[in-house]
Amino acid sequence: MSVELGHFSIILAFVLAIAMAVLGIGSRTRLLAGSAYVLPLLVVGQFVFTGLAFGLLVLAFAEDNFSVRYVAQHSNSLLPTAYKLGATWGGHEGSFLLWVLIMAGWMLAVSWRSAHLPTLFRHTVIGVMALMNVGFLAFLIFTSNPFQRNVPFVPADGADLNPLLQDFGLIVHPPMLYIGYVGFSVAFAFAIAALISGRLDTAWARWSRPWTNMAWAFLTVGIALGSWWAYYELGWGGWWFWDPVENASFMPWLAGTALVHSLAATEKRGVFKSWTLLLAIVAFSLSLLGAFIVRSGVLTSVHAFAVDPERGVFILAFLVLVVGGSFTLYGVRAWQLKSRTTFTWFSRDSFILQNNIIFVVSLAVVLLGTLLPLGYEGVTGDKLSVGKPYFNLFFVPLMLMLSALLVMAPVVNWKRTEADRLRERLRWPCITAGVVGVAAAITLLDRFDVPRIAAVLAVLLATGVVTSHLLDLGQKLRQGHRPSLGYLGMFTAHIGFAMSVVGVALAVELSSEKDLAMRPGAEVEQYGRTIRFVGVEEVQGPNYVAQAGHFIVHENGRDIVLRPEKRRYMAGGNLMTEAAIDAGFFRDIYISLGEPIEEGGWAVRVHIKPFVRWIWLGAVIMALGGGLAILDRRYRRIRTRAAIPAGMAGAL
Amino acid sequence: MNRMSFFVPLAIFMVIIGVGLVGFQLGDRAVLPSPLVGKPFPSFSAPRLDQDDVLVDQSVLLGRPLLVNVWATWCPTCKAEHEFLETLKEREGLEIVGIVYKDDPAAAQRWLDLYGDPYSFNLQDRDGRLGVELGVYGAPESFLLDAAGNIVYKRVGDVNERVWAEEMAPRLEKMRLAQMEATGS
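Protein chains in written order, with our numbering: chain A, 120 to 771; chain B, 115 to 299.
Pairs of lysine to aspartate or glutamate, EDC-like flavour, derived with a Cα cap of 20 Å: (1) K507/A to D241/B; (2) K193/B to E714/A; (3) K193/B to D362/A; (4) K633/A to D231/B; (5) K507/A to D218/B; (6) K507/A to E632/A; (7) K633/A to E714/A; (8) K534/A to D591/A; (9) K193/B to D634/A; (10) K193/B to E632/A; (11) K633/A to D227/B.
In silico contact screen, one side only, chain B against chain A (beta carbon under 8 Å); selected entries: (12) F120; (13) F121; (14) L124; (15) F127; (16) I131; (17) A186; (18) W188.
Since the hints were derived computationally from the structure, they do not count as laboratory data. For each residue, glycine too, the CB sits at the ideal point set by N, CA and C.
Looking at chain B on its own, in the form it has when it is part of the complex (with noise of 0.2 Å):
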């Protein structure tokens, strides 16, 4: 073996520090805009979480903004998250679809039974399929829709106070700005 390559641990540590140095300097600038911001909500085939058998598509989505919740039972920031989903749901009328993300569907209804559900329904992923057409990393992940079915907004981990103050309610309020114009004029 080359004398140098027993440098290789070193360099691993070194890169490792690098970059968390630099990342944990470089703050929100990092964050990539998610490509799928501007396009259509991909299209899809998921059965429903209340009834196995029943297929549903893209098209389930359109005519109203709403969000789109990717959720699963053993994320625990989910479960922090929950509370604020029905919050949002109470408070802003905003109607929120869940997908239940790399989950056992019974643990996943068991979980709504028990700590209520903000959801008007939910779409299984089993596999995670629909969640690499989404790009999700992990779980929780939102997506805000207009009512032509577009990705507004994506959000990578859970949907708080702050995040709706700043990121998704000026956009919501501006949709439904538009749509009451469209259908008043």
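Just chain A, same shape as in the assembly (with noise of 0.2 Å):
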């Protein structure tokens, strides 16, 4: 029964998406006006139905309804709990259940906080909004629904959840990923409704501002979740393969880098309108992409979870519906827009340009070497890798040149900045670059070759821009000015940067990795450290089991002990590896166990990774940047002004 109340209820959500859409851009014809007001109630209503259709998926998983084939397909009366409920979106079905949800999520934050937005320009981005839900929930229901049944042959178990899904990394990813991905579509709401409506001033992009960042934060820590994710679970102690799925949910976040950046300057200075609008729209287009490449089953990776041409024509066609039409709606109405600003090469806004090139130059990049090998495959059928080496050969200068123009971002003013300011605030973040310059340089040119030189060149640039950036908040609290939050944002969000740069740099030019065969008590040396085997004995856990490794590294005097898995799942007899890691600030020891060889010996992977943590570690600090940017004064004033004549107009 409950079941089909998730049925009823997606259904219901979809008829109130549709009735949204009509309202909402319709609200500007004098028949609809009149009705757009229950349009908040409605946002209420569809928040209300899609959570309650996603409750009764969880109730499904947590009470093993085999009933229902979703369920049969993804979980098993064996798995943990709390594996359970992950397992709600850990297949195609149930994530894009998930993706529904926080769609009507965002609606609803976006009804409750635009009271400040005139009217028509509010009921337009809702109903715009809710245009993208009907696509959304008309593809949960008509090809991927997941309240399907297994009626009259009900399994007696389920096929259990994919072994690398079971893992707290991917409880968390998809939801924090779908909240970025999903959070463009307000960014884009409002550059749509700004063209519908031809509001072209730089309002919408103050009003999308805090919207983007939130949204750019969590695809930010979506991100690095993956690769933390693949990072320990996949057993090759790697943590970023340029892999078409990695790559879908990275191009969505250099285009919303990009827009977070350009809607500054488009909210400062009105630079750069008509350009910041079609970011907007790139933004969410490649979340669509995205979502296209990984959910239709172009791929044939952990992620494809489904292969089923009905759903990739579905998204296709969605896709180049919402892209043409926005695409076209751009070119009717975007050339009123015109900045008579001018600025100069050495300004912020000039800066703010080429970070928007550089981001863009990136994006192509990413789209070409992850669109060439597909479309070869779906020309001649055969698979093909373009590999790190491509993107490397591009990502690594451009990525160094941002770094160099970060450097300088703290420095330079809107409009122009006076050549002896530049001067004189670039002098100590040149001298603390360089000493760091040359200690990386007596560290890492041990080996004179191209990628040790950029590793040097990203640890030196990285120390400037931090420099830099402590310089300016020092001289910033030494006036006495208290810096803002959307100010401390920029700033925290800088550093984070900084720290990925050097945490990529080291953990690649620095790691130790080797491949060996082991008997039991077996000692190997590895950057001054002793690893020892000790043995393998067999574990029994909850849905597995498995042989346990026995390692113990004498590191400065202390050992710490590493117990690496082999498990074999009972449910489907998957096999799968567990790494066993001794996180730290500065390194992390990795070890995984590969197969059993002649005599008792184990093929084992010993790696050591320097600062491989900070890649992270940044990332996490460049959302936190985001966050904080968010909660700037200037946002909360808009509200609590606005608040005043809604609550008037209230009380007449």
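Assembling the complex is the task here: the two chains are given apart, and the hints tell you how they should meet.
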């Protein structure tokens, strides 16, 4: 019964979404203008029904209701309860229900937090978002219904969740990522509403900035979580593979990062108006493209849960309609936008422009590297990898250029910067960067080649970034300014970026990786650490049996015990490698167990990875910066000011 | 700016979609034969994977039909192909020479130790210069060579049972017959 109720709820939410799309966008016509006041109510209704549907699906998992096909395919009575709940979005149908729920959640947030917007504009924004959700809900109901029953042949037990996904990281990763993806629909809806309404001043940029920052912050955390998961769960010791699925989340992030910056320029200075609009459309379009790549089954990797052409065609058609429609609207309307302001080469405006160019070029590189192999496979049916060399060739210089710009970012002013000021404020960053750079060169240049030089440059520039930002903050404090949360957000995010840059450079260049054949009792030396293989014993888990290795790492006079596992899951018979990691701020020790070899020996992978944590830590700090910026007083002031007339209107 | 220039994003998007649609419908006919087919394997000089200081040239490829396979550890498809290459070597007695493309020699050696080594020997192409000569798009790619060192067939993507049976086995058969006739008479 509850399953049918869930099914019914998503249909109701679908109907409500249609009603909102018609009312919201149609509120400019005389016919519908009078009825648009019900929109906030419908938004709540849509959220309640998608939430109810989601709750009921969770319930079906909790109750081991294997009469539901989706539950039978993705759960098992032996699965630990936390993973049963996580399994709700462990497959295609459930994860799309989560997507729809998150969309409904963003609409609710926008509806509650936009009292200060002009009524018509607000209605249009809700209408555009509802229109997107009509598409998502139709996709859910017609091609990917999670409430499909398995009657009359109800299986006795479920097939179990893919063991790769039975993990904390993978339970939190999709919601974060989706909040980010779907969050770009807010900036998109504001941009479209601006184009429809002809309100092409910079107001829409101001209104959509906090929303964009928030979506960007979530996406950043989501991507970092995915990378972290790949690192400890896949057993290869890598943290980024330029896999199409990773690229699918990275492309909206690149566009989103460009958007966050150009929105700032548009709001503060009124420059790049049409460009910012375009970026808002592109960021969301890339989220849709990501959904297409991951959800259509065009890929066969751990992420491709389903292979079903019907789904791919649906999303592709939706993508063409949304993106084609938006770009057409852009072509028809955007020419009316004119920026009359000017700026010089050394100005913040110009730096944001250069930042945007770098991000858009990076985006093009990833887009080509992702679509070309797919296209090649589509044409010939064969697989081809462009791989790491291609991406590194472009990304290393692009990110170094970006870091170089970032050193100067806090120094340059809007419109123009005096050369004297530039020289004076860059002196210290140059000195510290030079000193640290020399130290890095002494450590790293034992091998003199391009990757090593790039790593030295990365450390040098990151030091420059941190110094110039700290100096700027210090100066502000000395002069008695209380820095705004917006400023602190930027400060934090930039420091986070510098940290990630250092992490990537050092983790790649300094990591020591050994794949060995070890017998129990054997010892190996690595980076001044002794690693002893004690033996392997059998361990019983809740839904698996494991061979657990026992290693003792002797480091700086203390012993660290590491127990990597090789698990066999009972339901599917899947073999999984569970690496053991001793995590540290400056280095990770990573051991994973390979295959047993002759005479009781095992293939063992021992990695020592300096600074690898900095990659994710930097990303989290970047996201934190995004979060700080949202709390800036300016946005709160807008709300309180707007709340008064709204309250008065209510009283009348 | 010109009013029409604001339609550029739409145009770019249409072109991508158009190319995609046309491309997917063309199927196999769209693949151009490599200009290298029928020509001798380009001359080169490259170090061996197992002996850094030993440079070899194209003459090592002469004298018997063989398969030259371009691979790398960063390439997931190569991993998938790897097992079939071992089958080829065992079952068909085909000699396979590897070119380690844009990769770290130590990583490549580890990979061979870990997954097995179907190659007679491997050459290093760290900077991809040989790859350029061979018109390599990505990895894996494979070249079937006759005893005179001419490229008989080029394969972009993985070599699998289907490609072997349809494209490569008949060509190899023909080469072996020709060789037998040449030595027999």
